[in-house]
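Using the hints, position chain Y against chain L.
Taken in order, these protein sequences are the chains called L and Y. For the first sequence, our numbering assigns the number 1 to the initial residue and increments by one for each residue that follows. For the second sequence, our numbering assigns the number 1 to the initial residue and increments by one for each residue that follows.
Treat the hints as calculated values from the structure; they're not laboratory data. Glycine included, every Cβ here is placed at the ideal spot set by N, Cα and C. Among the hints, a few may not be true.
[As the list claims (entries may be wrong)] Only some residues are given here: those of chain Y computed to face chain L with a beta carbon under 8 Å:
| id | residue |
| --- | --- |
| 1 | Y74 |
| 2 | T76 |
| 3 | F91 |
| 4 | N101 |
| 5 | D108 |
Below, each chain spelled out in residue letters.
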Amino acid sequence: AQSVTQPDIHITVSEGASLELRCNYSYGATPYLFWYVQSPGQGLQLLLKYFSGDTLVQGIKGFEAEFKRSQSSFNLRKPSVHWSDAAEYFCAVGAGGTSYGKLTFGQGTILTVHP
Amino acid sequence: EAGVTQFPSHSVIEKGQTVTLRCDPISGHDNLYWYRRVMGKEIKFLLHFVKESKQDESGMPNNRFLAERTGGTYSTLKVQPAELEDSGVYFCASSQSGKGNQPQHFGDGTRLSIL
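For reference, chain L alone in the conformation it holds in the complex (with noise of 0.2 Å):
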């Protein structure tokens, strides 16, 4: 079974800073990565994804993230961290087979900014 580990449940950065958040997944053939990212009172919002190709993807907002299958590693970053970035960040991984729909969540990150 899938499983998707966020090690870091709370980080907070200063404003401009830059940022990465973790995500080490379990999964037994080439994943479907996701980050999404809920602010307060709001729905996920996905960020991007990795489904095969090129492994740094480029997000919405600035965000981008590297597949390393060596590590199982999905890491979310961003180089300069704005105050509208505070939110919980989740990672997830997709399914095959018949179960291609359901996404496997990690803990989440919640993402602290400091002015």
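Structure of chain Y alone, referenced to chain L:
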């Protein structure tokens, strides 16, 4: 394009009562999913519809939960009778046709509180 819409946004009921949550997916999306996040836990998959058929209901907790998608459009999730442990945020998502390689678009969720 309208997004995924969920009703109600909040529901507070007493243990033993019945509650029905509704989800309207993005128009034209054949895939519809239900997820739940219990406080302090990760977001967990409940089930997946393809049009009006249940593709995968492996995440449904027990037979107190009944999901329907008559006509392949909107979906309802009924909890009867509600128990304290059913409290949480219930998310609905939809995606276009595809075998897991289509991103899921989420609604804002229904926050369910069982007293």
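Here is what the structure says about each hint:
1. Y74: This interface hint is violated because 16 Å lies over the 8 Å limit.
2. T76: violated, 18 Å
3. F91: Holds: closest Cβ of chain L sits about 7 Å from Y/F91, inside 8 Å.
4. N101: holds, 5 Å
5. D108: Holds, because the Cβ-Cβ distance from Y/D108 to chain L comes to roughly 4 Å (cut-off 8 Å).
Taken one by one, the earlier hints fail for this structure at numbers 1 and 2, listed in ascending order.
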